[in-house]
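**Student:** Top to bottom, those sequences are chains A and B. Residue numbering for the first sequence follows my numbering, beginning at 1 and increasing consecutively. Residue numbering for the second sequence follows my numbering, beginning at 1 and increasing consecutively.
Keep in mind the hints are simulated off the structure, nothing from the lab. Just so you know, not all the hints are guaranteed correct.
Said to hold, decoys possible - Calculated Cβ distances over 10 Å to all of chain A for the following chain B residues:
| # | residue |
| --- | --- |
| 1 | A30 |
| 2 | G56 |
| 3 | Y62 |
| 4 | R73 |
| 5 | R76 |
| 6 | L172 |
| 7 | L212 |
| 8 | G230 |
Stated by the list, open to error - Lysine to any residue pairs mimicking SDA-like chemistry, simulated, CA-CA at most 25 Å apart:
| # | chain 1 | residue 1 | chain 2 | residue 2 |
| --- | --- | --- | --- | --- |
| 9 | A | K136 | B | E19 |
| 10 | A | K167 | B | E19 |
| 11 | A | K136 | B | A54 |
| 12 | B | K146 | A | I33 |
| 13 | B | K242 | B | F258 |
| 14 | B | K146 | A | K167 |
| 15 | A | K167 | A | H101 |
| 16 | A | K167 | B | S282 |
Glycine included, each C-beta is placed from N, C-alpha and C at the ideal position.
The chain contents come next:
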Amino acid sequence: MEWLGRAATDTQITHGRRLWLYVLAGLILLFLILPTVIVIPMSFSESQYLEFPPQEWSLRWYRNYFNSTAWMQATATSFKAGILTMIVATILGTMAAYGLHTARIRFSGLIFGILLTPIIVPVILVGIGVFYVYVKIKLVNSMIGIVLAHSMLAIPIVMMVVSSALKSFDMNQELVARSLGASRVRAFFIVTLPQIRFSVVSGAILAFLTSFDEVIVSLFVSGGQNSTLTRNMFNALRDQIDPTIAAISTLVVILTSLLLAISQIFGKKTDQ
Amino acid sequence: MSHVAGPNAYNLRRDALIERLALFSLTGPALLLVATVMLVPVGWLFWLSFLNDAGGLSPEHYLRMLSQPSYERAFRATFEISFTTTAICILLGYPLAYVLSQLPRRAANICMIAVMLPFWTSLLVRTYAWLVLLQRQGIINTWGIKLGLWDAPLALVHNLNGTLIGMVHIMLPFLVLPVYASMRAIDPDYLKAAANLGASPTRAFWLVFLPLSLPGLLAGALIVFILCLGFYVTPAVLGGGKITMVANRIATDIELFFNWGAASSLGVVLFILTVMILYVASRLVRLERLLGGGDA
């Protein structure tokens, strides 16, 4: 315990006098991780009631999930929407970021700002707005409708990731390729894209997660055959606490952490 | 030479312009998508908010917002909850960021995983977890009673408490990251200098460290406040239907009453408030700081 008497900083305050601060920080960290960590053991409980620690272990709620047609259909919808959103948003977002970066037109900043608006506008407003228009053009509850709305939300994220990669990319390399006879398109695909590919992949993963995790817009525009996982989960949460959700949550936590870890690793690679 | 260079330069300039326009057209599809799925619908709602039931122009929806107490309550609840959440985030986030900034980098990075974990967990998963933790027979209540901290189960969820706990949990990382970044950027020599000049550790903290970390704190607090204004899911689930923030009110106006005008006018006001606060914020702190969080 001699450690407590030692100086913690250059201003000579001791660890002992700052002990309360360390305890507080530890408690706050616990508060931050507790909900994520608690769901995992709960999902393996045998009981209907959510006691902790569980008395008996079982895979009951996982079986429940995998045997339920409604949950399976919702999961399939979410994956389909996520993958399609990823494709649309990554292509459109990368094109836009590249276009704005190279065109150097006076309005570039303005256009960039317009493309970022989906981040600033409250999602509830986007949700009811999209719902209103979809009712008119009969896109409610359709996969196309969900994918278009989610892509719109994901484009700004892809753009931010890709344009920051382009900023650190030396455009002269493309000029060299073109002076050696490559067309603009060819130069992009064989010189630029391979060098920003990690950011593009990282943007694509974030686009998938944007769609996969999205609740509010999905609540309004998805439904019926095409109800998303988040929509079903939200409705289940409002009704009663069904431990099946713990099982689904655990699976979602594993999936998102894996994807985000990949995107972090890929994102880091371009920095160097 | 000049009579040859003239048309040639003209052609070159024209080619360059065409090329730049071609490049610029790459933004077309993204712009088209954002315009049709975002600007047109939101613009349409804006228009609807100024129409009365007969379809004539009138400010009736906005006037109702002023006259009907339930709308005023929703706005007041939104501001009170956002303000309280921001305050709690500052009280919890600042000490946490401080401790993290004092740790060696490697240890701090490991702790950062804990801070980032909520970011990485789906919103609904976390909401569900709080429901489980906070309910009457939930883990917090059983353990609290078992340890003798309190006697009867506390009402922790399906009310304001649950909403605040859930929102603070979601928003805390948004505060910790910019504060941590600004604290890491403080040169420790300043504190040494203060100590050298006779300041006690506490005095050095208040006079030197705190003022230097304020820009990060301001950026974090503003982003937390702005994001809180639009909350829907947490009050809906953890508030158990008792907490009505503006976003919840908008949803009920649509789901129950199909009152597009009323919902739109609320949405417009919420949006304008957000933009106004963001504008004021951008004058106070650099906007990248707000949107980019901390990348120390």
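**Student:** Against each hint, give a clear statement of whether it holds in the structure.
**Tutor:** Outcome of the hint check:
no., hint, in the structure
1, A30, "4 Å, violated"
2, G56, "19 Å, holds"
3, Y62, "16 Å, holds"
4, R73, "17 Å, holds"
5, R76, "18 Å, holds"
6, L172, "6 Å, violated"
7, L212, "14 Å, holds"
8, G230, "4 Å, violated"
9, K136/A to E19/B, "39 Å, violated"
10, K167/A to E19/B, "20 Å, holds"
11, K136/A to A54/B, "19 Å, holds"
12, K146/B to I33/A, "22 Å, holds"
13, K242/B to F258/B, "21 Å, holds"
14, K146/B to K167/A, "57 Å, violated"
15, K167/A to H101/A, "8 Å, holds"
16, K167/A to S282/B, "23 Å, holds"
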